[in-house]
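Trainee: For reference, the chains in residue letters:
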Amino acid sequence: MAGYAFLIIILATTAAYVVGRSTGTRIRATHGAKMHSLPGQHGAFVAAWVGVPALIFVLLWLVLQGTVIDRLLIASLPASMTDGANVQLLVSEIKNVTAGRIFQEPSPEIVAAAERLAHWEAIARWAMIVVVLALTVVALVVTRGMLSVRFRARNNFERILTGLMVFCSVVAIITTIGIVASLLFEASRFFGKVPVAEFLFGLNWEPQIPLREDQIAGLGAFGAIPVFTGTLLIATVAMLVATPIGLLTAIYLVEYADDRVRAAVKPILEVLAGIPTVVYGFFAVLTVAPVMRQFGGALGVDVSPNSALAAGVVMGVMVIPFISSLSDDALNAVPGALRDGSLALGATRSETMIKVLLPAALPGIMGGVLLGVSRAIGETMIVVMAAGLIATLTANPLDAVTTVTVQIVTLLVGDTEFDSPKTLAAFALGLVLFFATLTLNVLALGIVRKYREKYD
Amino acid sequence: MSETSFPQKVDWSNTVATRRRGRRHAADRRLQIIGISAIALAVALLATLIVSLTLSGYRAFVQTMITVDFPISTENVSAEDPAAGNYRAVVRDALANLFPGVTDPGEQRALGQLLTNNTQFMVRDAVVRDPSVVGGALRLTIPAADPIDQLNKGVIDRHLPEDQRRVSNRQIEWYDELKAEGRISTPFNIGLFLNADSRFPEIAGLAGAIVGSFYALLVCLVISFPVGIAAAVYLEEFAPINRWTDLIEVNINNLAAVPSIVFGLLGLAVFLNAFGLPRSAPLVGGMVLALMTLPTIIIVTRAALKAVPPSIRQAALAVGASRHQAVIHHVLPLAMPGVLTGTIIGLARALGETAPLLLIGMNAFITSPPGGLLDASTALPTQIFIWADSPERGFVARTSAGILVLLGFLIVMNGLAVFLRQRFERKW
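First to last, the protein sequences are chains L and F. For the first sequence, our numbering assigns the number 1 to the initial residue and increments by one for each residue that follows. For the second sequence, our numbering assigns the number 1 to the initial residue and increments by one for each residue that follows.
These aren't lab readings, by the way, just hints derived from the structure by calculation. Owing to the predicted nature of the structure, the values given are computational and were not obtained by experimental measurement. No incorrect hints appear here.
Label-pair ranges, simulated between beta-carbon atoms:
id, chain 1, residue 1, chain 2, residue 2, range
1, F, VAL418, L, THR14, 31 to 37 Å
2, L, LEU11, F, ALA137, 53 to 59 Å
3, L, VAL68, F, THR186, 57 to 63 Å
4, F, TRP428, L, ILE160, 30 to 36 Å
5, L, LEU200, F, PRO161, 53 to 59 Å
6, F, PHE419, L, ARG125, 44 to 50 Å
7, L, GLY336, F, GLN422, 25 to 31 Å
8, L, ALA15, F, MET336, 24 to 30 Å
9, L, LEU389, F, ARG19, 54 to 60 Å
We treat Cβ as the ideally placed atom computed from N, Cα and C, and that holds for glycine.
Chain F on its own, in the form it takes in the complex (with noise of 0.2 Å):
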């Protein structure tokens, strides 16, 4: 037999143990208050990446326009072949109507400079559409150069000396009395999303762009939504568990963590040197994001199989029901809320993957939307990173606007998701 013995009562108030348990409680709020300042830290360094895009590309969902009377005379347009004008000239009379003192031809040129490069085809183009104008005089509002667009937003400040910014003196002179007639207006860049890319940031816009996307995540959803739900279909209800189907488990989890920039170069290698499919075509962007988007949706779609009760299963194999039967009737419809969850997540980590699209080739500059899924063409975020790569000072704003309407595109997606599984989410 061991003796029991009782400890002696321990006086825990004492000055000693007080300031013990105080050095550990003030280690517990030492501990909390960090974990606070790491959630802060990461909240504000979210909001300081929002807020940054934001400033710099506000500017440019507005665009500074110039309304100025073209005089479409008959000896620069002839009224039966208003395509084959001299626009140039027009526009040349335009100017000097406006500001009739100036005669100097290097002055001539500065003023020019005030419009978009591509004044002369816009005035062309509303011609043609119109012809009964030759003769009389045209009134259209035309996007201001960059430079221009600058100082009415106020980018480029003009007290600075006259050769440290980009406008000259002369200009921002034109610029006001322009201002004062009223003939400046800043009105929504529609162009934004109606024109395609340009040179010119004044003109260059996201049409080209959200089409592309739209059309490589066309193809992407054609090819990895049926896939992978067959795959992940055959993968949780009918594969019998042996080795074999172990080893595409592995595979599928360890694809899903490849790096992106991997399956570009398996585009690359595959789809346009081996199949000499073409170069920046949608088509093969969408094939690319396609492999990369699938072993998200089988991973996701198997999930929500799991997620229906077995008892389903045995209810429909218990009144007579093959096993595709009980599947494709009952399982998979059940899954189906969450399914097309895991889908739309997947397809806007689609929408927003660069660097495989860099490697086929959707970085080109091209001039006009893709009117096919083989027509060369961009994508929404490898503009971005084209915009981004670009000198002018325009195309910094535009660069913002993008990534905005990138993140918009983004939200809506995600939100419908979010919607999805709240609606239609039945926990069993």
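So here's chain L without its partners, still in its complex pose (with noise of 0.2 Å):
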């Protein structure tokens, strides 16, 4: 049915916006110049009128009709069905009933809410596409009766435009007020249930607790310490790999590289950048964790099957090109006469370059490090196939270790309830990650913004 309510919007607009030039044709027939405006912009406006509230009435109906239906039909049930039962679980039944889902022999109450809900659903189907197709001709007509010589559709057209382009740049404050609110919101269910002091310094991460009373599970504890250290280790591993050979990339790029070379190398990393994590990902399970494995066996070492070691390395791999292309901006960043004075003084490109350039370009490397660092901590499906699943305290990378966002996905992925701890432990991970990584960014493009004012 929505699809329908979106086709005759097109089909709406489409049609306006030819009413609404044709008739300003027709007054520019017999008005010639004096007319304000050219007969398509008095289509458009006809057009915006017709199309945008239609839209916009589409979208909110769209998003209410599940609560509106639902809160009618919890508040038809009699007292004696919502008293104390899980209200919840008696509506998802009743859709189920409705959708021909059954089960077991519903109850006649279910039945007769049932039908309730088939009959209210036809209604507001119906009722949707009734309501926008009013909407559209009436605006059609109020609009095209405002047509006239003197009319000024462009200027009305342009402040509709206008308003519509703020909209769409507010669209981004919407998402991050949608994830801030989102996060805090369930966050602050879970801390209900936890204190936010035993999640922030706990030091026993199980969240495994039994959804049933009869399941044998852990009996959950949320100190997240553990899942902090793990995700720090790894990303520890992947800096230790990545910025080095990073760094090098870009020295080599700006200083010794010619232009051949360059052009040759810079794709390959940009290829490096554009590869899917989840390709990072099953690399590392297929190739690198297994060979750590023989060489740590051929060594003597026990290297766990799902090392830190592994998802670092290629964690890292995957952060090469951006420390590289940060710091190749960086080195390039600083100006010429720095580099022409230091070579004129006679040092070699080398130190030129160590005491030199990368003194100069040093707050920019340090903010694509920065970074990096952001990228590796959010970084999901290389640790969700090559990390461990089990919290353990350790520093060693030769073990296991989980991380925050290995343990979102196990967390979440699957059917779960909604209320538990257990799902509600996700959000809370995710509202240390999002501010985590927020403040790492911002720390990141202040300090490479008051580097470039420096010079600039």
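Once you've looked at the hints, go ahead and assemble the two chains, each given alone in its own frame, into the complex.
Mentor: As structure tokens, this is what we get:
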């Protein structure tokens, strides 16, 4: 039905444009050059008034319909059913019956409620179509009546356009607010069940609590310190791989390489940056981890099959292009006079690089490294596939550790109840992740910006 | 007046100076060599990645097939209702015809395991398509079961002791007989692109994932392209410079660096729980990907708009165009190649994105391609993730093959972006 609504809007908008334009053409034929706006602008004005309100209406309707019908349904149930019982379960049972998925013989009340629900849904579908049609027709008639020789169609249309553009640029803000609000809301529900101090400073992470009474599972401990240390351990390994390789690559490209080498190496780094992380994850499982295990076995060291080392090294490969391209930018932004001065004094290129360019570019490079750390902390697929699931408090990169992102995925993937601390814990972890990466990004961008101002 | 003193002429060619110069040049060369080795290491890592994926994946592009004659006897299948026939018996009879000597029930079961588990359904579908074969025989080419496929491709070593491989000695003998009769063939694995997911690696394919990814990217494009361009045009061309627009700008830059999984949490909490949209739907996946791609598109569009020289705007304004007309008629079309390039690169990134799709349930096990935006489906990267988690040996090759297909799509998209940039971009 929503598809039909959108189709109606598209057709109505097109028709409105044609109508407005032909009206404009007729006005121009009688009044000629006295007309304020062009016929096409009249058409655009009518089309905008027909299309935009109808579109907003349909989107609002689609968002609200489910909630409103649920409320109506719960209100219509007899008090004996909603008392004490799990209302959410009841509603989903009614919906299942409505959709024809009947698992056990439903009670007559539920069948009645299901019929009501089906009835209301049919009404809602048709009501939406009718209201959309009415809206477009009314808008078409009213706005077409406004067209006249002195009507400022262009100015009016441009005002609508500006409004739309302002709305579009606010979408980014809405997204951020949505992220923060949803994370805060779900996390606050989590902290209602588990104290903040226990989450932030507890040393024991065993989130597999029983969902049913008789299920055998852990008791549920939500101390996130082992998860945080695991994340930091893998990120550290990654940065130990990525920073030297990325920085040295940038140094070579800036100072030594000729254009031909640069033209060959830069696309390779871009390819590295463009490979999806799920591919890196599979690479870690397929190639890197077994190699490390064999190597460790040859040395007589026990390497876990999903060691932090394997995940960290592959993540480091993923971060190399970020470090190298940001370091490249930072080194290139150093004014040529500094380099020329150093070379003119007789310094070799390596001395110029190490004693002049690197110190001058250090803030930019630091910014790049911080952005790399933020990437590594937020990276999900590599660690989901290659790192462990059990939170151990260790600094040994040969052991298996788990990370914030791994825990978010394992806690939320699969059918889960939305009230248990287990699923809500994922949002608390997400909140920590969001603010950690946000802080790193703000810090990095701040450093880079401050540094740019110094030379520009 | 200060006295100016000239230093004595220094002899730079003495041994101390020469040695020092030698040391400094050696240090210079050392740095150069270290730099080259860093680059070589990065290139080698990339090469290892691609080579190891290709080596493990190329086998999945062909599939071992066994040609079998199925006797469609009238006692098993009636001509009136071919869909309801006893095809299990048909398959059993066909195998009995091939190997009349096998009578032991256990051995017959082992014999049946040469063919894929879905053989009876494939025969049924073929008979339903052409009911005239009832009473006669039907020659079909059926995918071999995963162990036989692996044996044929040389992944399973037949010289291993019997208890260390997944095919028995008897099965190898049968395989050799079939091979000698010319019934074994390894054509291009068209099923990889035409089949949806399956529990059995030999008939699992990417069709559902490709369609799901296509729908999700379509939704992503329809939302993020107009919204992104409108936002960028407003911020670059119309917005007054004040604290409010500054906030929007900082916000967009930060949003571009938020980890993708956080967008998945947003989609789960808002789109699924608050709005009640269905789980695993490409619509929701596309909406989440659109929010992720939006900052990228805004940033590249602003860069492209900035690259259009101000003289274009001034010329348009000077002949009486309004600011909107100047932008819509002149600036935006000139910036379009850059915008399209950025959009394609943003979409390519969205195509490879996995983590947010996992959280909204696009990693479900679904055996048919989605018919619409609200049907449950997977996407290419999540399908790769599912296969990577499957224990069957055949799925290792399928995973690598899926990755190669994904990388193929990415290469095409990025190639298109590069082509657009080189073909249409103007330098002022």
